[in-house]
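Peer 1: Kindly produce the complete structure, drawing on both the sequences and the hints.
Protein sequence lines, in the order shown, are assigned to chains A and B. The first sequence finishes on residue 198 if you use UniProt numbering, and the numbering steps up by one all the way, no holes. The second sequence finishes on residue 198 if you use UniProt numbering, and the numbering steps up by one all the way, no holes.
Honestly, the hints are just simulated from the structure, not real lab data. Warning: the hint list may mix true and false statements.
Note: identical chains are not told apart, hence a pair may lie in one copy or across any two.
Okay, derived cross-link-like pairs now, DSS-like style, lysine-lysine, Cα gap no bigger than 27 Å in a straight line [what the hints assert, rightly or not]: (1) K165 x K22; (2) K165 x K100; (3) K22 x K52; (4) K52 x K165; (5) K22 x K100.
None of the values given here were measured: they were computed from a predicted structure.
Protein chains: 2
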Amino acid sequence: MYEGIVQELIDELGRLPGIGPKSAQRIAFHILQTESFDVSRLASVLVEVREKVRFCEICGNVTQEVTCSICRDPRRDATSICVVEEAKDVVAIERTREFKGFYHVLGGAISPIDGIGPDNLRIRQLMTRLADNTVQEVIIATDPNLEGEATATYLTRLLSSLEIKVTRLASGLPVGGDLEYADEVTLGRAFEGRRTVS
Amino acid sequence: MYEGIVQELIDELGRLPGIGPKSAQRIAFHILQTESFDVSRLASVLVEVREKVRFCEICGNVTQEVTCSICRDPRRDATSICVVEEAKDVVAIERTREFKGFYHVLGGAISPIDGIGPDNLRIRQLMTRLADNTVQEVIIATDPNLEGEATATYLTRLLSSLEIKVTRLASGLPVGGDLEYADEVTLGRAFEGRRTVS
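Peer 2: In structure tokens form, the structure reads like this:
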């Protein structure tokens, strides 16, 4: 145990995700040896983010305005919506430069164990966005795990009543990986989804 | 890239030791979903630590006063000083409840590659503490790595001119470990330091 405030900082840091007691201690000592000015900046950015950042009223992405920069962009393709679990997935997909449509952030995935059902996700808002028939394709890009698959299945069923094409991101071998190290499920999916090349 | 302030927070967090871009992003999103009150508390503890915590004028340990709680404790044994690299080593040794003397924090170890020589460590202050002949034993508890060993060797030579017993923490097999998994150097040290048990 450290004296007073140092231990308090270690405890506070230890509450952040992915930071154990050892890392918290290491960061606390780093703070002690950092310029006051830099520490103040970190502290003020923390508070500012919490105060100023909110979720886009249309898609649920993070933004400092009422709507996010993607929803405000008139050059995006209004005929397709990509459905993701979290705002960080939007950033990951944007990085690929493959997709030019809009997004819809669910705010998680269906997970009965964690008590998260369809009503806890932004699914109603998605249905409202699809109501005016502008959107012709919904791309479901939830995570390729149990919760993500369950959410994808639920959405596929829900959307099947509408006249909209519903697609799901391909599962398969990660590019740059070794076939022999792929797990059976991934390798199975890669076979299922095989494409004719000539 | 995220919009404005979110990216700024990710960048700031990424400057902390042991936090890569992925962790920084995860923590930033955690902050977005944390109660404002909790975020403000973390921010104010950060600033407070940097403002209030300083280094003990006697031993170099962290403290909020002029001297640390150990140096102020009259029940500690004034005849022995344990020399460590960092304040976190003091906490680790205190946890063992094996040592009742005082500490001396060097503030690092000799490392020519990083440009750290004896003059950059609190060695002069240690010599001053030893001048009045109260201390009868100096226990060198620097890390059992290259820099720590170099520092220990330097200190041993320096202290050999004084009439003081100098000891070094034992190297050997970690308790609870498997002999077959010990590296050669550790196993070698364990042989060297073997004790007669009957």
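Peer 1: State for each hint whether it applies.
Peer 2: Hints, one by one, checked against the model:
1. K165 x K22: Neither way: K165 and K22 sit 50 Å apart in one copy and 33 Å across, limit 27 Å.
2. K165 x K100: So K165 and K100 pass the 27 Å test inside one copy only (17 Å; across, 74 Å).
3. K22 x K52: Answer is between: at 22 Å across copies they meet the 27 Å cutoff, but 31 Å inside does not.
4. K52 x K165: Neither: 37 Å inside a chain and 61 Å across chains, both beyond 27 Å.
5. K22 x K100: between (43 Å within a copy, 25 Å between copies)
Checked against the numbered hints given earlier, the structure breaks hints 1, 4 and satisfies all the rest.
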